[in-house]
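For the protein sequence lines, the chains are E and X, in the order given. The first sequence runs 22 to 116 under this note's numbering. The second sequence runs 760 to 1238 under this note's numbering.
The reader is advised that the hints may include incorrect statements.
As the list claims (entries may be wrong) - Listed below are several chain E residues computed to face chain X (Cβ distance under 8 Å; list not exhaustive):
#, residue
1, LYS30
2, LEU38
3, ILE55
4, LYS57
5, ASN58
6, ASN81
7, PHE83
8, SER91
9, PRO102
10, ASP107
11, PHE109
12, GLU110
13, GLN112
Rather than coming from a laboratory, the hints here were simulated on the basis of the structure. No residue lacks a Cβ here, since even glycine has one placed at the ideal position from N, Cα and C.
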Amino acid sequence: MKLSHKQVKHIAWLARLGLDEAEVDKFSHQLSNILKNFEVLQQLDTSDVLPTTQSALLSNVFREDKASESLSKTDVLLNAPRQKEDCFEVQAILE
Amino acid sequence: MDYEVTIGLEVHAQLATESKMYCSCSTDYRDAPPNTHVCPVCLGMPGSLPVINKKAVEYTIMTAMALNSTISRYTKFDRKNYCYPDLMKGYQISQYDVPIGVGGCVNIEGDDGTRKRINLTRVHLEEDVAKLWHGEGHSLIDVNRAGIPLMEMVSEPEIGSPEDARDYLVKLRNIVRYLGVSTGNMEEGSFRCDANISVRPRGRKELSPKSELKNLNSFKAVYQALQYEAQRQAEVLEEGGKLVQETRGWLGDTGRTVVQRSKEDADDYRYFPEPDLPPLMLDEKWLDDIRSHLPELPEARRDRFMNQFGLSLYDANVLTGSKPLADYFDECLKLTDRGKAKELSNWILGDFSRLLNLDDIDIADARVRPQHLLDLLALLDNGVIGGPAAKVVLEEMFRSGQEARDIVEQKKLSQLSDEAQLLDVVTQVIANNTRAVADYKAGKQQALKFMTGQVMKATRGRANPAVVQEILAREMEGE
Chain E
22 MKLSHKQVKH IAWLARLGLD EAEVDKFSHQ LSNILKNFEV LQQLDTSDVL PTTQSALLSN
82 VFREDKASES LSKTDVLLNA PRQKEDCFEV QAILE
Chain X
760 MDYEVTIGLE VHAQLATESK MYCSCSTDYR DAPPNTHVCP VCLGMPGSLP VINKKAVEYT
820 IMTAMALNST ISRYTKFDRK NYCYPDLMKG YQISQYDVPI GVGGCVNIEG DDGTRKRINL
880 TRVHLEEDVA KLWHGEGHSL IDVNRAGIPL MEMVSEPEIG SPEDARDYLV KLRNIVRYLG
940 VSTGNMEEGS FRCDANISVR PRGRKELSPK SELKNLNSFK AVYQALQYEA QRQAEVLEEG
1000 GKLVQETRGW LGDTGRTVVQ RSKEDADDYR YFPEPDLPPL MLDEKWLDDI RSHLPELPEA
1060 RRDRFMNQFG LSLYDANVLT GSKPLADYFD ECLKLTDRGK AKELSNWILG DFSRLLNLDD
1120 IDIADARVRP QHLLDLLALL DNGVIGGPAA KVVLEEMFRS GQEARDIVEQ KKLSQLSDEA
1180 QLLDVVTQVI ANNTRAVADY KAGKQQALKF MTGQVMKATR GRANPAVVQE ILAREMEGE
């Protein structure tokens, strides 16, 4: 399967990556190659195999509904590049 | 042209757990300062790991059972990726292809009692998102709300009118309240509704592109926004225009919806199984245990009120439409015999509800407890006070918290049944109303009612009307 430039641009947009035309071309080849490898894998007959979403073979790992201490506000905001009024501050995001 | 409306509702209910969905931060965020109920899991810090809140899963299973969904024996969580900073991880842990509840249905009723079945697509569990404030050139984020267990109930797109949509929503909220899994408070945002709506010419097979309506924070907003949008879409079609799939926000002040953004496709969310959370295997024993502890649900309770206590469909519906009201009624009936049911229902739905509504008080918080109400009705039934006085006493009980007997004594509201006491008043009224007396003698029964009314007035409602009629009839005959 060959990824079109349009598909690469769409994926880049979803990941909020800015690509120039040369990069779009480069990645469309690289990503297409990756997909080609999956095409090889897909030749295997897996009709009797259940999908695996976990490798640890665990299930039903719960915690009881008990509240406990949270971080201090200072610690919460420690890594924030910008903060204001005890909140994280980001660029305006309403369109 | 004639148009057909198709509505589907996505309802989100915050679950009434103590701690968040995937970490042990408190869910009590409403009056908390920003970013004080936050931990490394809420922040999506490298190395932090989510762990599933068992109670939230239980609550979702309970709801799915109450909504007649099929419970998935195997279920899991999935990552929903998107670029909006209301979740610090960059994704929401939700459920994609195997929700806890599959299918389901709710019955709604028209005023005439006709039943309509509204089918559900699914009931799943996810996490709430952070709160954002949008200022000039920047947005502020408070993460307290992020991670609160959020249950999503999705209806099939088969609701045919804004009225039915509202009725369905009311039913759904009543069910989560009966189960005790959510406060169901829309104004506070613990019960939220997004509505999909599309309009097509009646008879056409395929649906038109839908609008998804946001910011519907009351039952009224849901109803009005759907009405507006149905009208708007019909007008677009009428003018030969094309509908497009979009998200529109409801502006209550102006009564309009406006475009917010064009919708992303499910593919764009790049769902994949959450690697940090092992799947759930819901075994029969656990499910049986949950099922056996389900409380009585609104419809069953309504039917019981009708069968056990002989209430009308209307009264039973209103009583069970609010869990606290129905609880109160049940509490009363535990303390007295079922012969009093109708009278109790009349008082609770009538004067008592009026007082509660006036002061905006929940019946569970009212000073008049079931035993107090029964004491009042006993005074009424034993003829100690009359109907009009009972209303006055109830209001006084409601305001002051005093008991009925004390109020009757203090305000001298006891009923006058003593002939000797009443005779003076009756004689006076007869002397003042010679016309009516003549009418009565001429055979007009109406006149007796009028005269009784005059005596009631003269005694400020305290006279026992039955006794008054007796004396009046006798005295007027003897004139």
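Each hint tested on the structure:
1. For E/LYS30, the shortest C-beta to C-beta distance to chain X is roughly 13 Å, which exceeds 8 Å, and the interface hint is violated.
2. Among the interface hints, the one on E/LEU38 is violated; its C-beta lies about 11 Å from the nearest C-beta in chain X, farther than the 8 Å criterion.
3. With a least beta-carbon distance of about 15 Å to chain X, the hint placing E/ILE55 at the interface is violated under the 8 Å criterion.
4. At about 21 Å, the closest approach between the beta carbon of E/LYS57 and any beta carbon in chain X exceeds 8 Å, and the interface hint on this residue is violated.
5. Taking 8 Å as the C-beta contact cut-off toward chain X, the hint placing E/ASN58 at the interface is violated, the least distance being around 19 Å.
6. Evaluation of the E/ASN81 hint against chain X yields a held restraint, the C-beta minimum of about 6 Å falling below 8 Å.
7. Interface restraint check for E/PHE83: the shortest CB-CB distance to chain X comes to about 4 Å, inside 8 Å, so the restraint holds.
8. Against a cut-off of 8 Å between C-beta atoms, the interface hint on E/SER91 holds, since the closest Cβ of chain X lies about 5 Å away.
9. A cut of 8 Å between beta carbons decides the hint on E/PRO102: the least distance to chain X is about 12 Å, and the hint is violated.
10. For E/ASP107, the suggested interface contact is upheld, since its CB lies about 4 Å from the closest CB of chain X, less than 8 Å.
11. For E/PHE109, the suggested interface contact is upheld, since its CB lies about 4 Å from the closest CB of chain X, less than 8 Å.
12. Hint status for E/GLU110 relative to chain X: holds, with the closest Cβ pair at about 5 Å, below 8 Å.
13. Contact between E/GLN112 and chain X, as hinted, is supported at the beta carbon level, the nearest pair being about 6 Å apart and thus within 8 Å.
Hints 1, 2, 3, 4, 5 and 9, counting from the list given before, are not met by this structure.
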